[in-house]
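There are 2 protein chains.
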Amino acid sequence: LEQQQATKFRNVFLVLHVYEQAQIFIELTKKQRARVYRYLTPEELGATFNAIEEEPERVISYFDEMTPNYAAAVITQMYTDNAVDILAFAEKKNLANYLRLMPREKSDEIKEMLHYEDKTAGSIMATELVKIVGNQTARSGLHVLKKEAKEAETIYYAYVIDDDEKLIGVVTLRQLLISDDDALIRDIMNDQVKSVKVDEDQEDVAKTIRDYNFLAIPVTDYDNKLIGIITVDDIIDVIDEESAEDYSGLAGVDIEDSPDDPFKAAKKRLPWLVTLLFLGMSTATLISHYEQLVSEASILAVFISSITGTAGNAGTQSLAVAVRKLAYKDDDTKTIMRTIFTEAITGLVIGLVTGLTIFVIVGLWKNNFILGLVIGLAMMCAIIVANLAGSLIPIVMDKLGFDPAVASGPFISTLSDLTSVLIYFNIAGLFLSFITGTGN
Amino acid sequence: LEQQQATKFRNVFLVLHVYEQAQIFIELTKKQRARVYRYLTPEELGATFNAIEEEPERVISYFDEMTPNYAAAVITQMYTDNAVDILAFAEKKNLANYLRLMPREKSDEIKEMLHYEDKTAGSIMATELVKIVGNQTARSGLHVLKKEAKEAETIYYAYVIDDDEKLIGVVTLRQLLISDDDALIRDIMNDQVKSVKVDEDQEDVAKTIRDYNFLAIPVTDYDNKLIGIITVDDIIDVIDEESAEDYSGLAGVDIEDSPDDPFKAAKKRLPWLVTLLFLGMSTATLISHYEQLVSEASILAVFISSITGTAGNAGTQSLAVAVRKLAYKDDDTKTIMRTIFTEAITGLVIGLVTGLTIFVIVGLWKNNFILGLVIGLAMMCAIIVANLAGSLIPIVMDKLGFDPAVASGPFISTLSDLTSVLIYFNIAGLFLSFITGTGN
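So the sequence lines, in the order shown, correspond to chains A and B.
Residue 358 is where the first sequence starts when you use my numbering, and the numbers rise one by one after that.
Residue 358 is where the second sequence starts when you use my numbering, and the numbers rise one by one after that.
Just to be clear, a hint being listed does not mean it is correct.
If several chains are the same, the list does not tell them apart, and a pair holds so long as it fits within one copy or across any two.
Claimed, not checked - Here are the simulated SDA-like pairs of lysine to any residue, each with C-alpha atoms no more than 20 Å apart in a straight line:
no.	residue 1	residue 2
1	Lys624	Phe698
2	Lys463	Lys488
3	Lys691	Glu414
4	Lys723	Ala540
Keep in mind the hints are simulated off the structure, nothing from the lab.
Let's have the full structure, built from the sequences with the hints guiding it.
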């Protein structure tokens with residue numbers, strides 16, 4: 358595709374959408390990339406780099422391949438939010454180098470944003486936005502938009518500020534177009550402008566943009582000064598990321614980044630599995646405690662997995678519902694109390710129905726209704742406990758400031774194994790003479 | 358808030374964002390709603406209704422409260438895609454009535470869209486879009502956009518069509534603004550326009566919009582005729598919906614719609630639990646088969662839950678990874694074979710490490726390394742099988758045309774319980790004399 362044929366490559370490459378350019382770029386060999394750095398200007402490659410969605414470490418290694426001057430120029434051309442995401446992983450020495458080689462204004466913006474905490478509005482915002490003032494006319498507002506059209510991340514919203522850079526309104530490009538040319542911005546702007554604070558959780562920002570169907574939302578600091586903008590495409594990434602996290606939590610594996618190399622994949626999954634195995638050993642220890650009971654009535658062993666399995670499933674359902682409810686941030690005390698109450702009653706109903714079902718099945722199958730009663734009762738109690746744990750654990754984790762999605766599915770099932778076995782053998786112990794009398 | 362005080366209500370209500378209007382509207386009593394229907398024009402209420410995200414059945418009931426003429430006028434004001442989502446749930450008689458009372462053009466569009474299959478591009482597209490032709494100037498293109506600004510779902514993209522209504526290009530409002538006024542559309546347009554077919558899966562549409570960071574994408578029929586547009590806010594709903602479905606599948610419960618009434622919640626969750634309970638009974642039957650073995654070596658019962666639990670967790674991890682990989686639609690045979698191969702080797706590695714761990718633990722704990730060997734071997738085999746099942750089942754389901762996310766977590770764990778127990782007792786049977794000889 359490209360053997361010293363710079364113009365030919367440029368003709369083919371530059372008509373592509375930046376996403377496609379990025380897809381091609383990441384497939385290149387080191388030698389091919391070296392050529393690309395010679396064939397393309399930093400402006401052109403900066404646009405491509407905006408669309409690369411690889412791990413930051415890998416993008417950093419591309420920068421290391423370039424001359425520092427070229428790298429700094431490429432970074433300068435990138436949107437600040439994208440550049441910061443990557444530079445957060447650069448070596449201190451290289452970072453200082455790049456910052457020194459780029460225009461002062463850009464390096465100041467990057468330095469400031471490197472201080473925003475991960476997963477806050479500040480860390481995903483761009484600083485390239487369109488500001489106008491209230492006593493401009495629509496015509497002059499449109500003029501500003503045209504001028505900024507190449508730089509700004511979106512020109513479909515222009516934010517109106519007062520003399521102190523404070524956010525006082527918003528006009529859409531649509532409004533500017535349909536307004537009278539001489540209308541004053543302050544008269545056509547929407548002064549009910551929604552904004553987010555710089556340290557707000559990115560998940561809350563996503564919720565606002567989604568609910569209001571915005572294309573972008575302005576970011577302000579604590580003086581209500583306008584400092585950035587978050588666009589809907591950043592938010593789609595956030596939604597993806599958060600839903601992948603929830604899903605990963607429930608499965609006990611990081612699905613976002615599952616390597617194709619089986620040894621690496623195993624290395625990522627083993628910590629969870631081995632932790633749960635050790636946790637599961639406490640269940641084994643507990644059963645071991647009741648070994649005497651099992652040897653007297655081996656029939657009891659038959660139903661261990663039915664009880665732990667069903668309680669585990671019920672607990673996972675309850676956990677998933679609680680995690681979802683918490684994600685929607687209705688976390689006032691009243692809602693929480695109602696969630697717990699609902700789950701408790703739900704657990705009771707489910708436990709009753711499931712317990713009765715297994716009572717009838719076991720009773721008929723083994724022709725032993727006392728055994729059926731033991732299994733049914735144990736299953737009912739185990740389900741009620743698992744349901745309560747499934748809703749309580751994420752709520753407690755949320756209160757303690759952890760992500761409730763981490764109280765993951767495998768953890769709940771393993772924990773509910775333990776309580777289920779405890780409940781089961783204690784109930785079985787009470788009825789032992791009846792079971793062995795007729796059963797075994 | 359509103360006792361015959363129409364103007365006061367209008368003053369307060371109409372300055373709010375439509376999302377906030379919708380939030381207020383759905384909290385009103387029937388009596389209050391009746392007043393709103395008198396106070397607001399159909400145009401105003403139509404805008405509010407675009408932002409209502411309740412169940413369609415409930416929105417239909419609002420229409421039933423209005424006079425048919427008013428209802429038809431409100432529906433006419435709504436975006437076609439939103440209106441269709443709701444009208445799909447209207448009674449035949451009422452639907453015919455509404456369609457008769459609205460302008461011919463709108464009712465034709467709605468009728469056509471009611472035929473598109475659920476979850477395809479056709480079912481989520483809007484028909485309000487801006488079309489221009491290639492030999493217009495930028496000035497006249499801008500003029501068209503201004504004229505359509507009130508009607509169209511987005512004016513930030515204008516699609517260029519030829520004489521046969523076929524899609525040949527796209528210009529963004531940004532491009533129109535920065536171009537020379539007299540430049541021809543055909544010269545400034547991007548002719549590499551991405552579009553989707555009307556029957557394409559909404560998930561694929563979402564992927565395209567997300568990857569390319571589009572604000573909207575055009576929809577064409579099989580003659581490449583331009584028939585609709587899908588905007589990024591529709592796509593956010595799709596992404597939410599699909600991720601909620603995946604999550605629900607893994608948990609075995611519909612998290613999107615978990616009622617606050619515990620009896621209704623129980624009713625929704627019980628079918629899954631009882632199905633799995635019956636499936637779990639086959640595990641119990643299997644163990645029952647080996648009851649003789651257990652009564653001879655009750656120590657075996659101690660480790661049932663460790664083995665089934667760990668294999669279940671490993672299977673769930675493997676399932677989650679496979680479902681995710683399938684969602685990204687790399688479903689050529691080569692990728693599938695590689696996924697299965699990776700999971701098999703991963704299972705082998707995980708099985709080896711976990712098996713060795715439990716071998717050492719059990720060996721030391723029970724001072725019986727033969728028992729340790731049995732447990733370790735059983736765990737290794739059970740994990741390998743669970744891992745393979747976890748990746749194979751969603752792939753097979755996908756091939757058969759089912760949503761792989763339905764091959765849910767609880768199903769995999771219950772299935773892996775069965776195979777794990779089978780493997781466990783068969784291995785244990787081989788070593789029985791050694792176990793009872795030193796162990797129990």
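Status of the hints after comparison with the structure:
no.	hint	verdict
1	Lys624 <-> Phe698	between (40 Å within a copy, 16 Å between copies)
2	Lys463 <-> Lys488	within (17 Å within a copy, 39 Å between copies)
3	Lys691 <-> Glu414	neither (45 Å within a copy, 28 Å between copies)
4	Lys723 <-> Ala540	neither (86 Å within a copy, 86 Å between copies)
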